[in-house]
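Novice: Sequence:
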Amino acid sequence: MLVIGTSHGLILGFDSSQTLRWCDQEARHQGSVSALCFNHDGSRVLAGFVRGHILMLDSSNGKVLRILTDVHPLDTAVLHVKFTDSPKIALCSDSGGSVFELNFTRVMGVRGCDSRCLFSGSKGEVCTLEPLLLNHLPSHPLKNYTLVAMATLSKVIVVCIRPRMRVVLSHPLTGAAIAPPQLSWQLVVIQTADGSRVIDPVLALARDNVVYFYQVYTEIGTRVKLSPLRRITLPYMISNLRWLNPRSLVILDAQEKLHLLDVRAQDNLETLDMSRVGISYASSHFKGLSTGGNVSKAMALAGERACYNTVVVFGTQLLLLGIKSLHVICMRTWTERLQHLIMQKRFPEALALGLSFYQDKGKAVIGLRGSKQRRKQIARDKVCEVLVQYMDELNQCLVDENIDYDTIVLTCVDYCIQLENIDLLYGKLWDIVFESEGLKTSYLHALEAPLLDGSLQPRLPPLIAQQLVSLYDQEDKVDSLEAIVVLLNVDCLDIHQVTTICRQRGLWEALIYLQTTALGDFTAPIHQLVPVLQNLLQDSKAALSRDCIKLGNAILVYTSCCLAGRGFPKDELPEGMPQKAKADILRGLLSQHSSLATDMERQYPYLRTLLKFDAKGFLDVIAIAFQEPEFTSEMGLRHRQRLIDILLSIVMPSTPLTPKNNDYITMEQQFMVLTFVANEVSESTVTLESSTLNRMIDILCIDSHVELPKDFKTERESAVLGLLHSKKLCNISDNTLLNLANRASFIRVAELLYSAREDWVAVCKCMILEPSRHHDIWPWFEHLSTAWLDKVISVHTTTLVTINALQFATIIATRLQNKIDAILQDFIDNVNLEYKLLEALYQVAQYKEEDVSLELTTEHLERYLALMCELEPASVVRHLHGPHGCRLDEALKIVRKWKCKDAEAVMLEKLGNYQDAFDLLLKEFEDRLEMYRQDKAPESETVHAAIQLAGICRRSAGNLDWMPLVEVMFRSHSENNRPKADVLNGKLLRLILESLSGTSILSNILEQILRNPSATSGTMGDIRQLLSGVLTQSRYEQTLVETTARLVSLELHKALEKSLRDAGRACGNVSVTCPVCRQPLSQCSDHVVVFGCGHGYHSTCLGESKSCYKCLNTKGWAPVATNVTHTVPQPPPRKKQILPPEFLRHKDLALRLAPSCSIPDLEGIF
1 MLVIGTSHGL ILGFDSSQTL RWCDQEARHQ GSVSALCFNH DGSRVLAGFV
51 RGHILMLDSS NGKVLRILTD VHPLDTAVLH VKFTDSPKIA LCSDSGGSVF
101 ELNFTRVMGV RGCDSRCLFS GSKGEVCTLE PLLLNHLPSH PLKNYTLVAM
151 ATLSKVIVVC IRPRMRVVLS HPLTGAAIAP PQLSWQLVVI QTADGSRVID
201 PVLALARDNV VYFYQVYTEI GTRVKLSPLR RITLPYMISN LRWLNPRSLV
251 ILDAQEKLHL LDVRAQDNLE TLDMSRVGIS YASSHFKGLS TGGNVSKAMA
301 LAGERACYNT VVVFGTQLLL LGIKSLHVIC MRTWTERLQH LIMQKRFPEA
351 LALGLSFYQD KGKAVIGLRG SKQRRKQIAR DKVCEVLVQY MDELNQCLVD
401 ENIDYDTIVL TCVDYCIQLE NIDLLYGKLW DIVFESEGLK TSYLHALEAP
451 LLDGSLQPRL PPLIAQQLVS LYDQEDKVDS LEAIVVLLNV DCLDIHQVTT
501 ICRQRGLWEA LIYLQTTALG DFTAPIHQLV PVLQNLLQDS KAALSRDCIK
551 LGNAILVYTS CCLAGRGFPK DELPEGMPQK AKADILRGLL SQHSSLATDM
601 ERQYPYLRTL LKFDAKGFLD VIAIAFQEPE FTSEMGLRHR QRLIDILLSI
651 VMPSTPLTPK NNDYITMEQQ FMVLTFVANE VSESTVTLES STLNRMIDIL
701 CIDSHVELPK DFKTERESAV LGLLHSKKLC NISDNTLLNL ANRASFIRVA
751 ELLYSAREDW VAVCKCMILE PSRHHDIWPW FEHLSTAWLD KVISVHTTTL
801 VTINALQFAT IIATRLQNKI DAILQDFIDN VNLEYKLLEA LYQVAQYKEE
851 DVSLELTTEH LERYLALMCE LEPASVVRHL HGPHGCRLDE ALKIVRKWKC
901 KDAEAVMLEK LGNYQDAFDL LLKEFEDRLE MYRQDKAPES ETVHAAIQLA
951 GICRRSAGNL DWMPLVEVMF RSHSENNRPK ADVLNGKLLR LILESLSGTS
1001 ILSNILEQIL RNPSATSGTM GDIRQLLSGV LTQSRYEQTL VETTARLVSL
1051 ELHKALEKSL RDAGRACGNV SVTCPVCRQP LSQCSDHVVV FGCGHGYHST
1101 CLGESKSCYK CLNTKGWAPV ATNVTHTVPQ PPPRKKQILP PEFLRHKDLA
1151 LRLAPSCSIP DLEGIF
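Here full-length UniProt numbering is used: the first residue of the sequence shown is 1, the next is one more, and so on.
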């Protein structure tokens, strides 16, 4: 049934075939129809009019059942009428912004209606309202509640009107004045935190361009609650908002464009232009034109784009009422969406959309129902049909050469794999591409990426695998071919074809994979490929070829995998095969001769070849294999011993080989093998004869002067150390080992041997020779006895100071202070080291620590000053300003000897000779000015000299005349009129004037400056800027002094006020007896004295010192009371009296008021 209201007040009823069934003209005089609403079962219709009337009609025949004229103010238009879940309750709102509850009654066959105001327009004007309808749900916790959402211009209010009235939510809204607020309810499946799913209503509320979502729920025994879910900001202004389904919103913007929005992904799925519809807006209703325009301006503005009753949703259909037409918009089902793209030949988009349905990632999906597996199967079948149609497009490629068949083939292969339809991939698609070489090539190329990333199972049909191998062989894609062959199952490969190609192309990993996996022969790669590697090594005289490196690395990795019981190049071996692989590979490696051995071949060719190729890599493989359980058992230890003996026989042959021999082992390879063997011996896993061990040690301790490309010194030394720590070299004397260590420059070995002898001087030398051990010397010194420390330092003094003078000085200060003079005597010929040591000692003495106490003599400090003047004159002035510790007259002689003018001026100032210091600095300043004028000195030196002069003048407290300095500046200016000199003189003059700020002679100096012709001639520059800076600084200092004086005056005033207040405050006595005589205070001959602490005394008991004995006694130094007459015949035994400190024994502790004095008025001193 469809009911439409017209602007003339007619209500038209149509059936599903668009046939007019009835027409109601009962309220034509009430103006246009402004609101319509069906009840839940569609049997009743509520109609509102712009002049305030509301009708209830029977939807089957259009009969008027109720005419409601007094349910709201008649001078307002009806904007909304809504049925609730209860057939007896409805809601309406008018243009005054009020909302009313309509309760329908029927008494004695007479229909009536009671009205109740839910919201008054005087508190905010409601633009729209939406009740929550749950009639189509059989059961829900909210069925017992009636919720209504009402939107004003500034907020949204959700009210529960049943079972009792209360406000559930109040949410503020902001936006443009012409943006109407929007409300819409929808039941949504929501997943909770525990993984369960519930069906709860969700309220979408919006204004302008922002949409908010709230979930409505009720907990057991609690009230209805609304929880915020999310917020979405859109790039357009919203005119109408409606739910189409639980995942999709349809939004009409201000430009009359309809947007389909996926709520979860927040994606705009589709946009339609609705301008041709001519949507009917309710602006005249909101303005109240039919009732005299008695609405607010805000309400009239909000209704400009209001279309609440002309854009509605029924099920999954959107109905738009135009001025002269009605339009219905439906969302396509998922199959219709696919078919729409197919008809437009947009197969890639159709496949992408279908794949999203298959992966359960589709948006706005309609019509796909059932369980998850059922939906997945249905979507897969449909997408496969689309894929078959797309494959048929490949037949056009044979006719039309402009079609990009590579993209089509790649897309088909990709979607066959993602849809897990292998039959389609290897069936129909292969049949189509097999007829064309170009299509077949694209098809085979498309299989590479899925095979390598694991998305396609490595089991191809034999024919396709054969074609793939042939294609990559022809295109020289050997790396990709090898990766594919290693990945594929061997039962789908042509073994003869692949083996032949692998040998020709050097695909060694693939060849090893085929031999071990297909044939189960683990020794074949050793017997067949190691001789090939040997031939390549013989051919490569200089650098190894790429093919040689590739083969050698493949053999080493294969050997490591087999010895560890793993498959090559990946995966695990079948059950029972790891032991076989380990035994076969070990037997192959230890073969005495190869299968094609000649008479000249030496024993163990495979081991020799692998050592020659990469000795370190091969030994690492052996070391990893030794960790396996097979090499830790009794039989495994025998295999380990045999392998070690074979390696020693190779690297230490009885008959030395020449470098021209193919089996020659280089010195580097020999070192690596012997180091490996030594480590095994240290771990006690193998044993060696004494002669063999001695010979091995002799080779490891080769002379350090022998030039080698790489000597592996650290590894060899670590190996020898390991043997020493494990006590495997007991048959070699210490002297022999020490000689070998010194010959090979094994410092750590020598240190260990010297430590055993307790030769600490030699141990310190070893630590000094190794730069990485320098930081360990100082903690080691702390454990030495004083006698040994003295010996060590006397021998290595120079070196230790060079390493770290501060640490050395700390050791001397803590352990050997009496040896400072003797140590310094060693540096008479090396003043640099002497200065370095004295500097470190001075720092230790200055920055004393808890456990360090060092006092340097005056001679040491003066010697330090002399060396500083000689070696680092720039630091002398800074040193003299600190606690230098020198005699002033001696320090002056030293700086004069080394001609340190600045330091000499500092010392003259310290001696009180300001004039000589000023003259010296003035002469230096004149020299700097002259050098600057001749471009022989930088500007910074001249400025620094002026700063020194200004500083000494300020510190002299008026004993020096500033004018010589000013005259020198003006004299320099008159002699040189260059602009460069003008700039410098301006800086110097500003500096002097700023230094004079706050002094009493500032006015005199300014007068002299202004009288100088250079200051006013114009060539000197504008003197006003300089004076402005000086006056600004002076005003700042004057303000600072005034503020300080004001604060001091205020503080004095507050202190006096507090004293007077305390003096006039009454004191309360805390005791009724005198603490001295223990008699009541009331029994007194004179008067009672009460102190501020609350203790009272007889005036006679206090004596002359008027102070509280009890408070002084708690401090432990109360004076002795001598004027108390005790009534007890025998005094108690005298306790030891605690006398006050010496400085308080003769002090009068009585409190007295100070004599009155007049407080000066500090406010007027400025």
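Calculated from the structure, these hints are not laboratory results. Backbone N, C-alpha and C fix where the C-beta goes; we use that ideal spot for every residue, glycine too. Mixed in with the good hints there might be a few duds.
What the hints assert, rightly or not - Under the rule of at most 20 Å between Cα atoms (straight-line distance), these lysine-lysine pairs were calculated in the PhoX-like manner:
| no. | residue 1 | residue 2 |
| --- | --- | --- |
| 1 | K287 | K297 |
| 2 | K376 | K123 |
| 3 | K897 | K923 |
| 4 | K361 | K345 |
| 5 | K836 | K848 |
Claimed, not checked - Between beta-carbon pairs, the in silico distance windows are:
| no. | residue 1 | residue 2 | range |
| --- | --- | --- | --- |
| 6 | T798 | E707 | 38 to 44 Å |
| 7 | R566 | A597 | 26 to 32 Å |
| 8 | P348 | F434 | 20 to 26 Å |
| 9 | D414 | P461 | 15 to 21 Å |
| 10 | S115 | S283 | 23 to 29 Å |
Novice: What are the numbers of the hints that this structure violates, sorted from low to high?
Specialist: Checked against the structure, the hints that fail are numbers 2, 4 and 6, while the rest are satisfied.
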